[in-house]
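Line order of the protein sequences matches chains Y and F. With my numbering applied, the first sequence covers 1 to 261. With my numbering applied, the second sequence covers 1 to 365.
Source of the hints: derived by calculation from the structure; they are not laboratory data. All of these numbers come straight from a predicted model, not from anything done at the bench. The reader is advised that the hints may include incorrect statements.
[Said to hold, decoys possible] The calculated BS3-like cross-link candidates involving lysine-lysine, where the alpha carbons are at most 27 Å apart (straight line), are:
{"no.": "1", "chain 1": "F", "residue 1": "Lys10", "chain 2": "F", "residue 2": "Lys182"}
{"no.": "2", "chain 1": "F", "residue 1": "Lys108", "chain 2": "Y", "residue 2": "Lys184"}
{"no.": "3", "chain 1": "F", "residue 1": "Lys10", "chain 2": "Y", "residue 2": "Lys184"}
{"no.": "4", "chain 1": "F", "residue 1": "Lys131", "chain 2": "F", "residue 2": "Lys182"}
Given next are the chains, with one letter for each unit.
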Amino acid sequence: MFFFVPLLVMLGVSLASRGTYGGVEWTWTLTNYLRLADPLYWNIYLRSVLLAGVTTGVCLVLGFPLAYVMARASPRIQNLLLFLAMIPFWTNFLVRTYAWMFILRTKGVMNTGLMSLGLIDQPIEILYTDSAVLLGLVYGYLPFMVLPLYVAIERIAPSLEEAAQDLYAGGWAVFWRVIFPLSKPGIVAGCVLVFIPSLGAFITPHLLGGGRSMMLGTLIQHEFLVIRDWPFGSALSFLLMVLLLSLTVSFFKRQGLADRT
Amino acid sequence: MKSMGDVSIKLEHLVKQHGDTLAVDDLSLEIRRGEFFSILGPSGSGKTTTLRLIAGLDQPDGGSLSIEGQLMQDLPPNQRPVNMVFQNYALFPHLTVWKNVSFGLEMKGLSRREIIPKVEQVLDMVQLGEKQNRVPAQLSGGEQQRVALARALVNRPAVLLLDEPLGALDQQLRQEMQGELKLIQERVGITFVFVTHHQEEALIMSDRVAVMNGGRVIQVGTPQELYETPGSTFVARFVGHSNCLDGEVASMDGTTCTFRSDGVSPIQVPCPGHSLEVGRGTFIIRPERLCLTRNAQPNGFENHLPVRIQKARYIGDEMQYQFDLAPNVRWMARLPISSRHHERFHPGEQVFVSWKAHEGLILTS
Numbered sequence: 001m002f003f004f005v006p007l008l009v010m011l012g013v014s015l016a017s018r019g020t021y022g023g024v025e026w027t028w029t030l031t032n033y034l035r036l037a038d039p040l041y042w043n044i045y046l047r048s049v050l051l052a053g054v055t056t057g058v059c060l061v062l063g064f065p066l067a068y069v070m071a072r073a074s075p076r077i078q079n080l081l082l083f084l085a086m087i088p089f090w091t092n093f094l095v096r097t098y099a100w101m102f103i104l105r106t107k108g109v110m111n112t113g114l115m116s117l118g119l120i121d122q123p124i125e126i127l128y129t130d131s132a133v134l135l136g137l138v139y140g141y142l143p144f145m146v147l148p149l150y151v152a153i154e155r156i157a158p159s160l161e162e163a164a165q166d167l168y169a170g171g172w173a174v175f176w177r178v179i180f181p182l183s184k185p186g187i188v189a190g191c192v193l194v195f196i197p198s199l200g201a202f203i204t205p206h207l208l209g210g211g212r213s214m215m216l217g218t219l220i221q222h223e224f225l226v227i228r229d230w231p232f233g234s235a236l237s238f239l240l241m242v243l244l245l246s247l248t249v250s251f252f253k254r255q256g257l258a259d260r261t
Numbered sequence: 001m002k003s004m005g006d007v008s009i010k011l012e013h014l015v016k017q018h019g020d021t022l023a024v025d026d027l028s029l030e031i032r033r034g035e036f037f038s039i040l041g042p043s044g045s046g047k048t049t050t051l052r053l054i055a056g057l058d059q060p061d062g063g064s065l066s067i068e069g070q071l072m073q074d075l076p077p078n079q080r081p082v083n084m085v086f087q088n089y090a091l092f093p094h095l096t097v098w099k100n101v102s103f104g105l106e107m108k109g110l111s112r113r114e115i116i117p118k119v120e121q122v123l124d125m126v127q128l129g130e131k132q133n134r135v136p137a138q139l140s141g142g143e144q145q146r147v148a149l150a151r152a153l154v155n156r157p158a159v160l161l162l163d164e165p166l167g168a169l170d171q172q173l174r175q176e177m178q179g180e181l182k183l184i185q186e187r188v189g190i191t192f193v194f195v196t197h198h199q200e201e202a203l204i205m206s207d208r209v210a211v212m213n214g215g216r217v218i219q220v221g222t223p224q225e226l227y228e229t230p231g232s233t234f235v236a237r238f239v240g241h242s243n244c245l246d247g248e249v250a251s252m253d254g255t256t257c258t259f260r261s262d263g264v265s266p267i268q269v270p271c272p273g274h275s276l277e278v279g280r281g282t283f284i285i286r287p288e289r290l291c292l293t294r295n296a297q298p299n300g301f302e303n304h305l306p307v308r309i310q311k312a313r314y315i316g317d318e319m320q321y322q323f324d325l326a327p328n329v330r331w332m333a334r335l336p337i338s339s340r341h342h343e344r345f346h347p348g349e350q351v352f353v354s355w356k357a358h359e360g361l362i363l364t365s
């Protein structure tokens, strides 16, 4: 109910047209969906997918060793690390994003710190760039990568690594031949959990990107609240949803196939 | 190499600490090439740790270890000429039987042409040729055990380490595999180091056995040596069942001595000569060396004591009778049932236990 009713309303709105002063006029049309194909927006789609993809990749590369250390630590350390991984969730995401702005701004904590240490002469202008958005996204979604990875790796018996070592496998071979294939379910789950919200992210690109680098999420917000074109905003939202849904389904389908063979 | 003689593995003063406890405490052992060597001990005795030290999965805190004359210090597990069969097999769940078995050969960098005949041969040996495309989850416990064995043997290691490999199998399969394992070992001629807490298993399969307790080797010997001449009450109790009696050697008289214990008539025991002094000790005798009779007349056995049967257990091929030789000294006698009309004794009955003096053994502490 709570999921489908707003969805149906949105579908309805996306098929309507925009009134002169931003209202919704109930004349049925498909123009909103045709407008999606406008090259004007291609850039934004591409940026969004690219940024979300890079975020996912960075999270995976950073998250895997973290999750591995967590999974192989003693139970007491494991609990402590899990606790630490959860701490960010206690603070509102918006507040944490503002904290990043405070850190990254030209005269922020990072730049003054590095300059007083003499490591840089000029402040690094990173706020309101794609790098800042990427940093924010990675920061925000890393726990969503680490936790499923941790669960998957923890289920791999350490004796399997020992068996591989005993069978002449070096460190990399143990990883690629045993740990990596066995943690695939965690990798897929983690990537889905990071990619999807990154693609639709709004707060991070809005605040850290300064609204200059638009992503799908910011575009939707823009259409709804700034341009007040609800029908087109709805159509965009639908596009995003269909994109994510098809991605997720294909992910899990492949996973299912991999499990069966 | 030649100067090493036939020693395959040499452990010298090995020490391994786990937290505050010494898992392995100044352990020295020599394992001969081609022998089936068992390490027997209760859980926590350090036997698995010893095996892991040999495999390189744990690093010793002291002492040295050499395999085939080569020092193993600082050599990681993937560079040691040993392979291990893990307790729960540790088969790779995502790989087929074939891929599991070929794993080691692939890691060694052998070509497919070289790998195929080797894997085929070893799968034949463990009779798993038809199941080569299954994954471990589709195999029975016994089959998984065979895959684990094949995966290790295919590499032709100098030494095969087995960590309680039969522990997860049911009794019948276990006995089958004991025979099979022994047969395979004789066929391939590889040194087997077999860790178990199952004394019967160790006796059946091994050429020699090391009994461990508290991180130390208590005694090393052939199964017969351990059973017939245990060096300590620990070995006497752990390897087979033993009846024990604390007391003192009272007098020596040529080839026999008299052993006295409170509340028990003096017992005649053999005197091995120099090694036995007058003093405190423990008398030991195996349950199957005892006779029970209703006849009060000594039947030519030197020892003949009255006891009252406490418990009688019917095992099928034997009867087990429990009785108290003295307060708090419970003994057991095992009498084979060789006929349906075998004489039975009943709880509460007054009988005589008798044995020949030379069947007993005195251990001085």
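Quiz prompt | Hinted pair lysine 108(F) and lysine 184(Y), Cα distance within 27 Å | solution = holds (26 Å)
Self-check item: Proposed proximity, lysine 182(F) with lysine 131(F) (alpha carbon, max 27 Å)
Solution: holds (23 Å)
Quiz item: Given the hinted pair lysine 10(F) and lysine 184(Y), is their alpha-carbon gap at most 27 Å?
Solution: violated (42 Å)
Quiz item: Are the Cα positions of lysine 10(F) and lysine 182(F) separated by 27 Å at most?
Solution: At roughly 23 Å apart (the allowed maximum being 27 Å), lysine 182(F) and lysine 10(F) satisfy the hint.
When each numbered hint is compared with the structure, a violation occurs for hint 3 only.
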